[in-house]
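On the provided structure of chain A, position chains B and C as indicated by the hints.
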Amino acid sequence: MTQSFSVVGKPLPRVDSMDQTMGKTQYVDDMTLPDMLVGRHLLSIHAHARILRIDTSRAESLPGVRGVITGSDLPITYGILPISQDEHALAVDRVRYVGEPVAAVAAVDAATAEEALGLIDVEYEPLDEVVTLEQAFADDRPILHGDGLGQNVHRSAALEFGDVEEGFARADYIREDVFFFGGNTHAALETHAALASYSQTGKLTLWSSTQVPHYVHRTLEKVLELPAGRIRVVAPAIGGGFGGKTDPFSHELTAAKLSMVTGKPVKINLSREEVFYAHRGRHPVLMWIKTGFENDGTITSMRFKTFLDGGAYGSYGVASLYYTGALQPTTYRIPNYRFEGVRVFTNKPPCGPKRGHGTPQPRFGLECQLDKAADHLGIDPATIRRRNAVEPFSTTVNHLRITSCALVECIDKVVEESGFAGKHRQLPSGRGVGLAVGAYMSGAGLPIYFNDMPQSEVQVKVDRGGGVTVFSMATDIGQGSTTMLATVIAESLGLEPADMIMVTADTDLTPVDLGSYSSRVTFMAGNAAVVAGRKIRSRVVQAVADELETEPGSIVAEHGRVGVAGDPDRSVSWADGVRLAIAATGPLVESGGYTAPKLAGSFRGAGVGISPAYSYSACVVEVDCDAATGIVKVERVWLAHDIGRALNPLLTEGQVEGGVYMGLGEALYEEHAFRGSLHRGPSLLDYKIPTALDMPPVETFLIESDDPEGPFGAKEVGQGPLLPVIPAVANAIHDALGVRIDEVPITPPKIVAALREVSRGRPGRVGPVTIPDYEFTRLTRVEVPEGFVTP
Amino acid sequence: MADHILAIDVNGDRHRVLVTDQRTLLEVLREDLGLTGTKHGCDVGECGACTVLVDDKPVLSCLVIARQVDGSSVQTVEGLAHDGKPDLLQEAFAELGAAQCGYCTPGMLISARSLLDDNPDPTTEEVQAGLAGNLCRCTGYIKIFDAVRLAAARDRGL
Amino acid sequence: MTIRLPAFDYLTPETLEDAAQLLADPERSVVVVGGGTDVVPKMKRRQITPEVLVSLSRIESLHGIRIDESGACTIGASTTLAEIHDSTVVPEVFAAAAGDVASPQIRNSATVGGNLCLDTRCNYIDMSDSWRQASGYCLKDGGDTCWVAPRSNKCWAISSSDLATVAVALGGSVRLTSVRGERLIPIEALYNNDGMSYLTCAADEILVELVLPRGNGRATYRKLRRRGSIDFPLLGVAISARFDDAGMCVFARIVLGGIASAPLRAIEAEEFIVGRQLTDEVLEEAARLATQPARPQDNTDTGSRYRKWMVSVFVERALGDVAGDRA
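Residue numbers (the working numbering), protein chains in the order written: chain A, 46 to 836; chain B, 1209 to 1366; chain C, 19 to 345.
Extracted from the complex, chain A is given alone in its bound form (with noise of 0.2 Å):
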């Protein structure tokens, strides 16, 4: 049966977007307090030293200064997750990458902030530094966190799904490989900024371009040993996020306590270097997988090992590491598999969630890997990928349950548009196409930290005047997620999204939603609002029964009237059977909550990579290759997505589009790249983010598998479509100049240092050709779950 809705599947505009295109749309920095004070960091100069003293007095002393702190002033660590609270919000006693914040200032000016970071003086006694994986796992290195020398491990993983050997030992075909994906960043366009007020009462406000108000409400709780309840965390209008602002940022902690500390309001704008240093970007990935088919193409077994340069501090970094081990048996029926992973500390800034968080390294690696077999093997690319796709409602070797899954059709959807069986190896010399796939989380299925309460809870009150207002902390980062969560109410209660009054991200006003990460806020907050609003409903619907002395059964809620389904004249407006109900029943106040469903198998990073769902994409990529100059244009790009429903299809091309842009940049412009420890170029020049120019045309097909569990079916689609574009673009390359490039960026250097190997009658392949040799942590083996079907 075919359900109709009247406005889910519509392509309406975002419900702020009048705003935003008419400049009304307000940012943190565009807010201003009266009296309001301007911060600054000052940062540090070492990658890794001591902090032997800091004098303050000549800047306190500068007229116009109002506060200044220094670590000892914020004693308490924090960090996003809870195993790894290793951060100061200012560094106390060590320093542990350039650009960490080492003092704050509030002053009455730009210019006197500035003034004033230059009469901070501070001595430093530098130590070593720990800059690469070697140096990590050196033995006579400085520890980063602890003293003494030693390995700079963070975390190390091993497990083992199946028995792997058994895999290889069937397998007619092995191969081992080696992969490395550059680090790079989020560069949203809005610098990060929080404004700081605390009044008189004792009472704390904080504005943020945040996507986790509720872990910022937690973490100033903590580290400021203020009551929850008298901290209020507001995310206004987010100016681009992409994982970057899902971790508490020192700004934050620093701008509340110099409020506290001066009375007054205080705001801190992050300069775009000092964004670069932040960070908490994609993880540097050094891959090495193993591999064994059969002759037809059918995996038998999989190693894959990561080492994970983690920078300097813990971030999100665990569940990184298991992620570049979690969703590899997503896409492919794997019958053995076993993930080994390492992430160490370096004197970097610290890596975090970017996009995809941990899976766009081992996807590139696992895509091209593919590519490489199915050549010997003498099979297409698209074959070897279906042969092995997962099925729906299946489970993976490593306990993930799979529920709707269009893999298949959205392979058979971009390679049957892009025409990729007639140009795949029959194109000109420096053309190409390239397919590859990927799945995403829709949520992650545990919250950050240990709890049972509802991952997401959305409210919904209704005015005697039939207004409706839905509270969510769910943050706007862009991504459109107030305006679902307007769609998803307005469908249950026969209105229109433009119609909803929407509160969100708000911790004062708004029920608890986690925040805008790990592509869960359409599921989640989603289902909570189809529980609200479906109460709401109910609720006018039994009123305006009774009313017209009827059955609710017979009662429908559309196009802002209540009434018997097909008969105009028994109906009463909207208002008026918000009205009745009201009478009825009394405030017309609902709530909903989701609460994803136990998932977690019982191992250790079991945790990580369980979802109520997964969305699904394919991606073809052509490309036209300069051969003597390397650069690489990109013609055209196919992307499939299995969305379950898209609940606004011009919204989720938004997201695929925006998805398929950062893809490309990733795979050929754009590197957090490190000279030793200091950052080649922290700027939007140094660092390259595709312009106008450099954008080719995307053709995006929505594939609609109606996930049983999504808010009216629907999936992710903020991350997955990213994952396939990487190592469909190097796929490409591949197609177009028999060179492989097993390390990202594919940067117009490398192409052409490949090709003249291949001149010089070598392999025409650049990349990394040894991993470290480090032990893993004891290997837990895993049994197979119950239900899982070897292919």
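Worth double-checking, as some hints may not be accurate.
Computed list of lysine-lysine pairs in DSSO-like fashion (alpha-carbon distance at most 30 Å, straight line) [said to hold, decoys possible]: (1) B/Lys1265 with A/Lys55; (2) C/Lys326 with C/Lys60; (3) A/Lys267 with A/Lys643; (4) A/Lys580 with A/Lys678; (5) A/Lys580 with A/Lys55; (6) A/Lys248 with A/Lys468; (7) B/Lys1293 with A/Lys69; (8) B/Lys1265 with A/Lys69; (9) A/Lys335 with A/Lys248; (10) C/Lys172 with C/Lys60; (11) A/Lys678 with A/Lys417; (12) C/Lys172 with A/Lys678; (13) C/Lys326 with B/Lys1265; (14) A/Lys267 with A/Lys335; (15) A/Lys309 with A/Lys69.
Computed list of chain A residues with no C-beta within reach of chain B, every gap over 10 Å [said to hold, decoys possible]: (16) Ile128; (17) Leu696; (18) Leu738.
Hints in this document: simulated from the structure, not taken from any laboratory.
Ideal placement from N, C-alpha and C gives every residue a C-beta, glycine not left out.
Then chains B and C, alone, in the frame of chain A:
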């Protein structure tokens, strides 16, 4: 380092603003005049978020010393509407989802307005070239190109 | 907004004479500013902190483009790159190169004078003060080491002006003015292959105009950069050449930009092609010869090895552009 009185016309309104020599046009707009529609993403001319029209030409207001434009007329996103009615570009951007986070949008709209004033019927390639100084991190530019061309078509009465 | 300008006096003389007088002030550090697109970011990053900025924007005589009886094209220093790009009288190759500089907004502000005097660039110096402290101040920054080539006593910052490269290829001249008078010098003589003192003119001289002779040959400019916009050239190759009726090259200038601290003439390659037909073999050999003087360093994007490789590719292609239909 004296203060100077800057006389500028912003969105049709005449303003006299007391500025120091080192004040930039961006600072005048956002901080002295409260016109926060104009954004900033880098402060050094690398992103295009602060684009405004000075004497009908798009420039980066973060690089403009305010006194340099003394006597000029400036147009910002707040001044794109005509008698309270949104510009066709503003409508088309909203309608087609050309703004996601919305942060690059004001600068993008200003560049687009200038482009259409010079070329009422641009090809996609011409739109790309016209917007090549405005970085967007959300949209992949595609819906922006579509919106500019839609506004152009409507402007031509199509 | 976080990054602000340091304090300075902003002076807006209305005549060239007044401007020259202001620059001659021995008491204060003075910097000339055109559109500000180079000077303002450098000041925001505290690479330079002059006490006085002398703006040329109010000097009417510095605006505009004119063609004299000889057909030479004179471009006033304050003419913007956008105006040059849109001009129908400026040599086509120069107008096109102007349209390839930076971004549309920057081209509306940036002036030809500013672009020709563009400070040399290096990714050890075009950074914030805090970054430079972390790295250690380099030679160009008051330190005693060039981090690009620590054993060198010279600064390797890169000439990154597209228009300088083209103007040298076209045999342009620049008029300079100071309180001591005026002089017209070949633009090639304006540049010094030294990242610190990259201009040969005195600090108080103002570049008033660029004179491009009437072209009677063919010219081309090819620019290497990562993105379609915004980026400075990683390499720019400008060539002007004349051919006789038989297709023999009778004159050639091959200029490399973005590869040294000044636009670099590939003299050996020029001499090689003069007197020859530009066959494929000749192009290839000329490209090889042009590569020899190029010593790119690892102080911009893509590294030195690749940019050296690209010299021959770009020279060969640029020669192909000017050779046109050849035997």
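We went through each hint and held it up to the structure:
Taken as a hint, the B/Lys1265 and A/Lys55 pair is broken in the structure, with Cα atoms around 38 Å apart against an allowance of 30 Å. Restraint check: the Cα-Cα separation between C/Lys326 and C/Lys60 comes to about 28 Å, which is no more than 30 Å; the hinted pair holds. At most 30 Å may separate the alpha-carbon atoms for a hinted pair to count; A/Lys267 and A/Lys643 meet this at roughly 29 Å. Distance check on the hinted pair: A/Lys580 and A/Lys678 sit about 53 Å apart at the alpha-carbon level, beyond 30 Å; violated.
For a cut-off of 30 Å, the pair hint linking A/Lys580 to A/Lys55 stands: about 24 Å separates their Cα positions. Pair hint A/Lys248 plus A/Lys468 does not hold up; C-alpha atoms about 64 Å apart against a cutoff of 30 Å. Restraint check for B/Lys1293 and A/Lys69: the C-alpha separation of about 14 Å stays at or below 30 Å, so the hint holds. Note on B/Lys1265 and A/Lys69: the hinted pairing holds, with a Cα-Cα distance of about 23 Å set against a maximum of 30 Å.
Under the criterion of a C-alpha separation no larger than 30 Å, the hint pairing A/Lys335 with A/Lys248 is inconsistent with the structure, at around 56 Å. Straight-line distance between C-alpha atoms of C/Lys172 and C/Lys60 comes to about 21 Å, which keeps the hinted pair within the 30 Å bound. Taking the CA atoms of A/Lys678 and A/Lys417, the gap is near 23 Å; set against the 30 Å cutoff, the hint holds. Only pairs whose Cα atoms come within 30 Å are accepted, and C/Lys172 paired with A/Lys678 is rejected, the gap being roughly 38 Å.
Between the alpha carbons of C/Lys326 and B/Lys1265 the distance comes to roughly 38 Å, so the proposed pair goes past 30 Å and is violated. For the hint linking A/Lys267 to A/Lys335, the alpha-carbon distance of about 44 Å lies beyond 30 Å, and the restraint is violated. For the given pair, A/Lys309 sits about 26 Å from A/Lys69 by alpha-carbon distance, which is consistent with the 30 Å threshold. The Cβ of A/Ile128 lies farther than 10 Å from every Cβ of chain B, with a closest approach of about 31 Å, so its non-interface assignment holds.
Distance check for A/Leu696 against chain B: the nearest CB is about 6 Å away, which does not clear 10 Å, and the non-interface claim fails. Look at A/Leu738: its CB is around 5 Å from the nearest CB on chain B, not clear of 10 Å, so calling it non-interface is violated.
Violated hints, in rising order: 1, 4, 6, 9, 12, 13, 14, 17, 18; the structure is consistent with all others.
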